[in-house]
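Chain residues, written in single-letter form:
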Amino acid sequence: MGLRDFFTRDSLSKEELVAERLCERFEDLNMLSLADMPLRQRVDVCGEIRRMSVKPRAGIPAVEVEISDGTGELTLVFYGRGHVPGIGHHRALTVSGVAFREGSRRVMLNPAYRLLPREGQ
Amino acid sequence: MAPKNIDRRTALARWKGRLIGNPISSRADVHHRLPKKVALPVFASDAISSTAYATEEILIVFLSLAGAGVAAYTRLVPISLLVVVLLAIVVSSYRQTIYAYPNGGGSYVVSKENLGKHPSLIAGGSLLVDYVLTVAVSVSGGVAAIVSAFNGLAPYRVHLCIFFVVVMTYANLRGLKESGTLFAPPTYLYVGALGLLITVGLYRVYFQDLPPIPHNGEARELLDATGALTTFYFLKAFASGAVALTGVEAVSNGVPAFKPPESRNASRTLIMMAVILGGAFFGLSVLAQHLEPVKDEEGIIRDTVLAQMAEHVYGGRNALFFITQFATFGILILAANTAYADFPRLTSIISKDNFLPRQFANRGDRLVFSNGIILLAVAAIGLIVAFGGLVNALIPLYAVGVFTGFTLSQAGMCVHHTRHREKGWKFHFVINAIGAATTFFVAGIVIVVKFTDGAWIPVVVIPSLIFVFTGINRHYSRVKNFLQVAEQEVPPFRTHFVIVLVGSLNAGVVQAIKYAQSLRPDRLMALSVVASSEDGAELNRKWRASFPDVELDTPVDEYRNLTDMVLMEIERLDGLQPDDLITVVIPEFVTSIRSQWLHNQSALAIKARLLFRPNTVVTSVPIVIP
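Heads up: the protein sequence lines correspond to chains A and B, in order. Mind the numbering: the first sequence is residues 1 to 121 in the numbering used here, read in order. Mind the numbering: the second sequence is residues 1 to 626 in the numbering used here, read in order.
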């Protein structure tokens, strides 16, 4: 790397760094990427949990989880439970279900999921 | 006696109170009317004080710049006559202003009313520059008088200047009334000392054949030079001598301060001032022609022309000599002090017209425009340091602003006459027209012949000041237009979204959630950026136990950047609804000022960033830990 590269190379933002890492992590699974995921069809996708929220909907608790595989995001909603075993930050999983659009995000309700091993396991 | 209340002031406020005195009520702001004999020293000290250096400046041009040698003294009196004629023209012009503007008509006011926005800004800018220079020049001149009396102080010239500026600033921050008791003695003492010097000097020259001052060394060399006196140097000397006119406009600014009939008294005071100023200046020039004092450009000859003549006339450094020096110092400091009264007043007027930051219109605890005073002091000290506290280095900068102000004021008066057409307006118009033309001509001469000596500085500074003025004005009018209350306006937001920032579950958060619930938002959520899955799992578990019905959003961030993450989250949540108002509630620990720094200041950083976000309210719920 020359001095010139050093100055012209753009520094990456944190989001870009995260996206890069996630892409690498899910590359080997050869699954449908979230960017290409069609709506209203049964699909199998994967991603890492980037966000969790527990929100009561009409008194019934629901766990909302946002997963990302570096190309896009998908929100999973697990109704009727305040806690889903195994679901936590940084866990990777494959899910299968039907996604639909809700406002600006894509949502999958009560999908079937399979936890992937933790990194380093 | 009033019962003693608990002192709730901070330590800083208490120190300030001790330093500058107790605050003064706005009700105390009454103007005292001045009789003529008090008004003369108050308003004329600035103008009369310029006699202390005007003659000297002419001599410096002839001796040091032109190298004219003894021939210089033959031209001193003609130039003085020219300056006196100029003084007569300017004074008769200003008499018109006094009658036309009994409420006080400074150049800025007159040109604003008659000539419009830009001329008034030029006048305002030149006046501001002028006042700064008044302080710098007068203090340097005063210190020069001290240095002439005590030659050993010469190396500390700049230090002394700064010291006096600081003292004056302090006195003015405390609030210094333009009282006759303070102004009258030094002014009358100076006038008396000058009168005595001129009378005794001329008497000894004509009746006792007092020879010229004997010179040697540097001074002798200057006298032996035989350079040609070209028109250029003649004009340059004239431009230097014209600084004698600085401060003439003070009377017309302060007409309301006179006892009734205001205009009549002000006009008489103006004439009196002009007679003293003209007489003293002319007398000193005649005396200098006979005594041949010498002064160089760089201040190698330490004694001022006035000091040299006083020493020679009184036959040595006796009591009369020292009285003359101290009187000179006194009046020059007073002259600087008039700028301390006028500069803040002008900045307050300009800032009320929205051309300067609003802060200049605020009065401090002591009913003075503190910000203006401080700005003036800083600018004056800057100039003094930059020019080494030498009067003659500052003079070329001075005259430009003075004469620009004169010109605009007189031109404004011409327009005033043509508009109002009072009795005899044609005659008055002619007087003001002559005044405007003459002062414009002089301003031109000063700029041309002294451009390289420093006159270029105001030529650059004044227009840039106008850019600053108009820029500030544009901002204020934009803000004003934006804030206009329109008829039947609909509020720009419909839903209320409250986000509580959560670090960990603690008493502060409980309080904040309760507060947030009391706002009755359309949607309430807690937001916590978690670093690891363990943290996230634990927080989720605790949260479900404490607040089963409050939504908790936990994005994960492995880059430990809380502020950016929170901001991004708020951005994202804001995007969900098009027209909502977001309230961000931040629980914040407040301890004493001594230990606050021990806490992570992330709340402060987030607040600072959110301040510039539209439709976002930031609320901190303080948990005071005593």
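Mixed in with the good hints, there may be bad ones.
Reference listing, derived: stretches of chain B covered by chain A, where coverage requires no fewer than 3 residues with Cβ under 8 Å from a Cβ of chain A [claimed, not checked]:
| no. | stretch |
| --- | --- |
| 1 | 349-361 |
| 2 | 527-537 |
| 3 | 608-614 |
Computed Cβ-Cβ distance ranges for the label pairs, DEER-style [what the hints assert, rightly or not]:
| no. | chain 1 | residue 1 | chain 2 | residue 2 | range |
| --- | --- | --- | --- | --- | --- |
| 4 | A | E16 | B | H118 | 50 to 60 Å |
| 5 | A | Q41 | B | Q484 | 30 to 40 Å |
| 6 | A | M31 | B | T591 | 48 to 58 Å |
| 7 | B | A608 | A | E16 | 24 to 34 Å |
| 8 | A | R105 | B | D579 | 16 to 26 Å |
| 9 | B | S602 | A | R105 | 21 to 31 Å |
| 10 | B | R523 | A | Q41 | 28 to 38 Å |
| 11 | B | Q517 | A | D36 | 40 to 50 Å |
In case anyone wonders, no lab produced these hints; they're calculated from the structure. Owing to the predicted nature of the structure, the values given are computational and were not obtained by experimental measurement. Where a beta carbon is used, it is the ideal one built from N, C-alpha and C, also for glycine.
Do the hints match the structure? See the list:
no.	hint	in the structure
1	349-361	violated (count 0)
2	527-537	holds (count 6)
3	608-614	violated (count 0)
4	A/E16 <-> B/H118: 50 to 60 Å	holds, 51 Å
5	A/Q41 <-> B/Q484: 30 to 40 Å	violated, 53 Å
6	A/M31 <-> B/T591: 48 to 58 Å	holds, 52 Å
7	B/A608 <-> A/E16: 24 to 34 Å	holds, 25 Å
8	A/R105 <-> B/D579: 16 to 26 Å	holds, 19 Å
9	B/S602 <-> A/R105: 21 to 31 Å	holds, 28 Å
10	B/R523 <-> A/Q41: 28 to 38 Å	holds, 31 Å
11	B/Q517 <-> A/D36: 40 to 50 Å	holds, 42 Å
In this structure, the hints that do not hold are numbers 1, 3 and 5, in rising order.
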